[in-house]
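Undergrad: Residue numbers (mature numbering (1 follows the signal peptide of the UniProt record, and there is no 0)): -18 to -1, 1 to 114.
Everything labelled a hint here was simulated from the structure, so no lab data went into it. Hints may contain errors.
With a cut-off of at most 35 Å between alpha-carbon atoms, the simulated DSBU-like pairs for lysine-lysine come out as follows [as the list claims (entries may be wrong)]:
hint: 1; residue 1: K60; residue 2: K111
hint: 2; residue 1: K87; residue 2: K111
hint: 3; residue 1: K8; residue 2: K66
hint: 4; residue 1: K87; residue 2: K36
hint: 5; residue 1: K114; residue 2: K66
hint: 6; residue 1: K87; residue 2: K66
hint: 7; residue 1: K8; residue 2: K36
hint: 8; residue 1: K8; residue 2: K104
hint: 9; residue 1: K114; residue 2: K60
hint: 10; residue 1: K96; residue 2: K60
hint: 11; residue 1: K100; residue 2: K87
hint: 12; residue 1: K60; residue 2: K78
hint: 13; residue 1: K78; residue 2: K111
hint: 14; residue 1: K66; residue 2: K36
hint: 15; residue 1: K60; residue 2: K36
hint: 16; residue 1: K(-17); residue 2: K36
hint: 17; residue 1: K36; residue 2: K114
hint: 18; residue 1: K66; residue 2: K100
hint: 19; residue 1: K100; residue 2: K111
hint: 20; residue 1: K104; residue 2: K87
hint: 21; residue 1: K104; residue 2: K78
hint: 22; residue 1: K(-17); residue 2: K8
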Amino acid sequence: MKTLITISLLFISLSVFAQEEKVTLKEVNYTDATEEDHPAPQTTGMSISTDDIKELRNLDWDLMLSSFEANDPDQEIKISLEFKNRKHATDKAGSKAISVAISGKTSELDSLKKRMEKLTEKMVSSVEKWNK
């Protein structure tokens, strides 16, 4: 019986490794295309969610909003920020969360940054009041 099992396993392993697969690689030629042929990708939104008050305080809006700088000036963008209090379970009626969202054009990026900084400060103060 041991011999039969050993021979069967040997045959199975040899047949598995005896399989052959042919792979054909395609050659791709890249050409310099004009921007009209392939427009640059546009970042249209950003959503940030956290449950850490320290992370909320230390958000680097300059770094995050730099992803929108390559957009067209008339491109509509949306930025949202959410804080979920991790001390409360999400299925309880008393769970606490706060979120804000703003939208505007890429040309208004500086004013959007100022608005998000103010809203973030208000969120931090609200969360600190919850935790008292």
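Undergrad: Holds or violated: K87 and K111, Cα atoms, limit 35 Å.
TA: Holds. K87 to K111 sits at ~33 Å (cutoff 35 Å).
Undergrad: Is K66 close enough to K100, meaning Cα to Cα at most 35 Å?
TA: 19 Å, holds
Undergrad: What's the verdict on K78 and K111, does the C-alpha distance respect the 35 Å limit or exceed it?
TA: Judged against 35 Å, a Cα distance of about 12 Å means the pair holds.
Undergrad: Quick one, are K96 and K60 close enough, alpha carbons at most 35 Å?
TA: 14 Å, holds
Undergrad: Holds or violated: K60 with K111, Cα cutoff 35 Å?
TA: Distance ~28 Å between K60 and K111 Cα, so the pair holds.
Undergrad: Given the proposed pairing of K60 with K36, does the C-alpha separation stay at or below 35 Å?
TA: Satisfied, since the Cα-Cα distance of roughly 24 Å is no more than 35 Å.
Undergrad: Is it true that the CA of K(-17) sits at most 35 Å from the CA of K8?
TA: The hint is violated at about 48 Å.
Undergrad: Checking one constraint from the list: CA of K8 to CA of K104, max 35 Å. Satisfied?
TA: This hinted pair is violated, its Cα atoms lying about 55 Å apart.
Undergrad: Assess, step by step, whether the Cα of K100 is no farther than 35 Å from the Cα of K87, and give holds or violated.
TA: 19 Å, holds
Undergrad: Within a Cα-Cα threshold of 35 Å, do K(-17) and K36 meet the stated pairing?
TA: 64 Å, violated
Undergrad: Hint check: K114 vs K66, CA-CA at most 35 Å. Holds or violated?
TA: The given pair, whose Cα atoms are some 16 Å apart, holds under the 35 Å limit.
Undergrad: K104 and K78 were given as a pair; does the straight-line alpha-carbon distance stay at or below 35 Å?
TA: 15 Å, holds
Hints 3, 7, 8, 16 and 22 from the list above are not met by this structure, while the remaining hints are.
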